[in-house]
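K.L.:
Between the sequences and the hints, there should be enough to build the whole structure, so can you do that?
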Amino acid sequence: MMRRRHQLPVPPHSLDLPSHKQRTRDLPIEPAPLFDRLRLPLSLYGGGQARPCVNPGEHVLGGEVVAVADDGSGLQLHAPTSGRIVGADGWRGSHDLQVLEIAVDGEDCAAQHTPLPQWQDLDPALLLQHLQAAGVVGAGGARFPAATKLAQAAAHGIDCLIINAAECEPHLTADERLLTERSAAVIEGVRVLAHLAGAGRVIVAIEDDKPTAIAALEAALAGSDIELRILPRFYPSGSERQLVTLLTGREIPSGRLPLHLGVLCHNVATAWAAGRAIVHGEPLTRRIVTVTGIAVNRPGNLEVRLGTTIGDLLTDRGLDREQLREIRLGGPLTGRRIDDFNTPVGAGSPCVLAAGDGEGMPTGVEQPCIRCGACAEVCPAQLQPQLLHRFARAGDLDSAREHGLSDCIECGACAWVCPSRIPLVADYRQAKADIARADTARAEAEHARLRHERRQARLAREREAAETARKARLKRVGAVVARARSRTTDP
Amino acid sequence: MMRSRPGTFGVMSQVVLATLPGLAVLLWLFGPAVLLTVLLAVAGALAADALALWLRDRSLKTGLGDGSAVVTGLLLGLALPPFLPAWMTLLGAALAILLGKQVYGGLGQNPFNPAMVGYAILLVSFPLEMTTWALPRGLADVEPAGLMEAARLILAGSADVPDALTGATPLDHFKHRESLTVAEWQAASGLAGRFAGAGWESVNLAFLAGGLYLMLVRRLFSWHAPVGMLTALGVCAVLFWDGGSSSSGGSPLFHLLGGATMLAAFFIVTDPVSGATSPRGRLLFGIGVGVLIYMIRAFGGYPDAVAFAVLLMNAAAPFIDHFTRPRVYGHGRERSA
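Those sequence lines, one after another, are chains A and B.
Each step along the first sequence adds one to the number in this note's numbering, with nothing skipped, and position 229 is 229.
Each step along the second sequence adds one to the number in this note's numbering, with nothing skipped, and position 294 is 785.
The hints are simulated quantities; they were obtained by calculation from the structure and are not laboratory data.
Heads up, some of the hints might be wrong.
Partial list, computed: chain A residues near chain B (C-beta under 8 Å) [to be verified]: (1) 241; (2) 249; (3) 252; (4) 369; (5) 373; (6) 383; (7) 420.
Cβ-Cβ distance ranges computed for the label pairs, FRET-style [unchecked claim]: (8) 685(B) x 398(A): 52 to 62 Å; (9) 364(A) x 515(B): 30 to 40 Å; (10) 547(B) x 248(A): 47 to 57 Å; (11) 547(B) x 459(A): 56 to 66 Å; (12) 442(A) x 823(B): 55 to 65 Å; (13) 696(B) x 16(A): 28 to 38 Å; (14) 142(A) x 810(B): 54 to 64 Å; (15) 298(A) x 696(B): 53 to 63 Å; (16) 398(A) x 823(B): 13 to 23 Å; (17) 541(B) x 364(A): 40 to 50 Å; (18) 436(A) x 501(B): 31 to 41 Å; (19) 398(A) x 519(B): 54 to 64 Å; (20) 508(B) x 444(A): 32 to 42 Å; (21) 248(A) x 818(B): 16 to 26 Å.
Don't be surprised by glycine CBs; every beta carbon is placed ideally from N, CA and C.
P.N.:
The structure is reproduced here in structure tokens:
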């Protein structure tokens, strides 16, 4: 038996949140029913987009490729079940993203898989290609393509792979159930990731408030060289940077990735998906989602097909509209507030929270900042959120940048503790977007300037060349004339 | 690690609650006049806040509902002499809100502590009234004026307050002790009290208790500013104590438990809006206030110095913030390759 006791200290800049996990942590994973339609999100990591490669009216099988990333990465999206393509219509969400709608036929016919049980003997490049084609992306929320991250790691050379099973945000129990019930499959995926990343050392990190998941992990890891590290319970222990610092004692320099310290992090659900994709050939078409909140009559941990709408999911589990205050997709702090029931569950959404009173972000009328500093006390990036707030609101982007706005990990701890109920993270996201826009504009202006200068230089060169050519011509003409003259005067 | 998340109103209610021990001791020492002055100051602050919010077309409910005007009025009222004429109290409270807070854009925008702005305006405008304090109970058979009597005196104005009820504060009296040594002054003056002025020792201990409640139990503010201020004040007092000669600046205890020291340390310099932001900044801010309080008490023209010390450091707070920015995660510790 491994020791349960943890020696890792709780960092001073952290938050002790009510867990709310007891509502769903003992409920086994159950498959969500097959709903009439799916709205598969086509948005990808970092504002990217997948282009549908099927036509409206076409019939597809479960697991068939329906869209391909337009960035040339080879990432593919797959139909989560069999049905007919309805079309890719504009999605009335908060962003101008697209979804691919599929009318489900209810047969749930699956396409042929290509499992690679002998993956250890295969070329890693081939496996990465396979992983990318299976559409495996980061399940923690960012949805970064797993194969791209692994390729970077392999190229850079890393010595440690950290599997993030901290699941520190309140309400979320999807990873905990996954580990409790399918620890062998998860560890299979972890081995695939470790092989692809070329990591000598593998650590699975989990918070100490999940005893059954820890017991399952210990059983699955018995006799293995994969380390299990038990983290103290705090928010945000599952944030990549905080986790790496906690485990290695080193900080990831600003603007750098964990790779810089020779570390690669992957979410535990990503590892599971990678194992399914490589060993069993199953593309990423479903994930475990915790559906919870006071306003849900039958909360649970559901295995949900990607593209299932929040409306279908909540109606199926019984939505109590009397109690409902807000719906958040992806957790109470880091998730997005959802106002449209047609919003689909994506690959990076571990939770659908139908929050009642006191469950979501603190609500109330926003009041002026009194610079009490509660936010600075909990900020894991050790920023001064109250100053960033002032700069962001005043549009002083340079000062915001100088005070480390880009180091904000958007964990939401500041907004959670703010006595004035200021939606700080929303402010920061806005300011970051403004900075990105300004940078793009500046880059474009710089580009235009360079183009102009090059054009001017080219014109000058052309003028000069023309001048030289003219002079040469004149010289030639002069010579001809002189010759002619000499001929006439000198018979 | 932090857990609770009270709203602004919750914060302000806790502050009000924590002033109650100090207010109770003041009441016992100086009679109902204290309460009347505090209530007048609160009423004046609320009325001025409501007026400004109405003029600025803001919601009265959210503007007044945060409780900050009540706290400003309360802190000003606690700092004012009990028999100050009603109109001065009202004027001071109104100016505290209008010139101290609302002209800058309301709560959160003010560079100076509003209560101290009001106090400073009154002190420079009405120096006589502002330095004439009620005499504490028990001193030379003083019995504080009753409620009706106090109300009559406050409404009638300073000229009517009998000399038997008022006098200088111990700090003031100590400063003008002529050539007496500290020991001689203590023997001669009934105002000297045990070690920090009759009555004032208990007032300060009561505010200390309330402040410690806010700091340690409620965790409303960190220890940096109060500890910085009290330490600096104590160190200065030790430096200029010189064993208690006729030119002594007074003992450390005299300064720590005299005048408005504890009220300032836990209720004034802890104001987050007008103070410094980072822990290190708050420590420096507190130290600055402590040093200035001592300098003004010992070498300045005013008997107590909290208001001016705080206002001066308020002006310095942005600079302190600029030079005490905490290191951000991922910056500085490791050289980026």
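K.L.:
Hint numbers the structure violates, sorted upward?
P.N.:
The structure conflicts with hints 2, 12, 14, 17 and 20, although it agrees with all the remaining ones.
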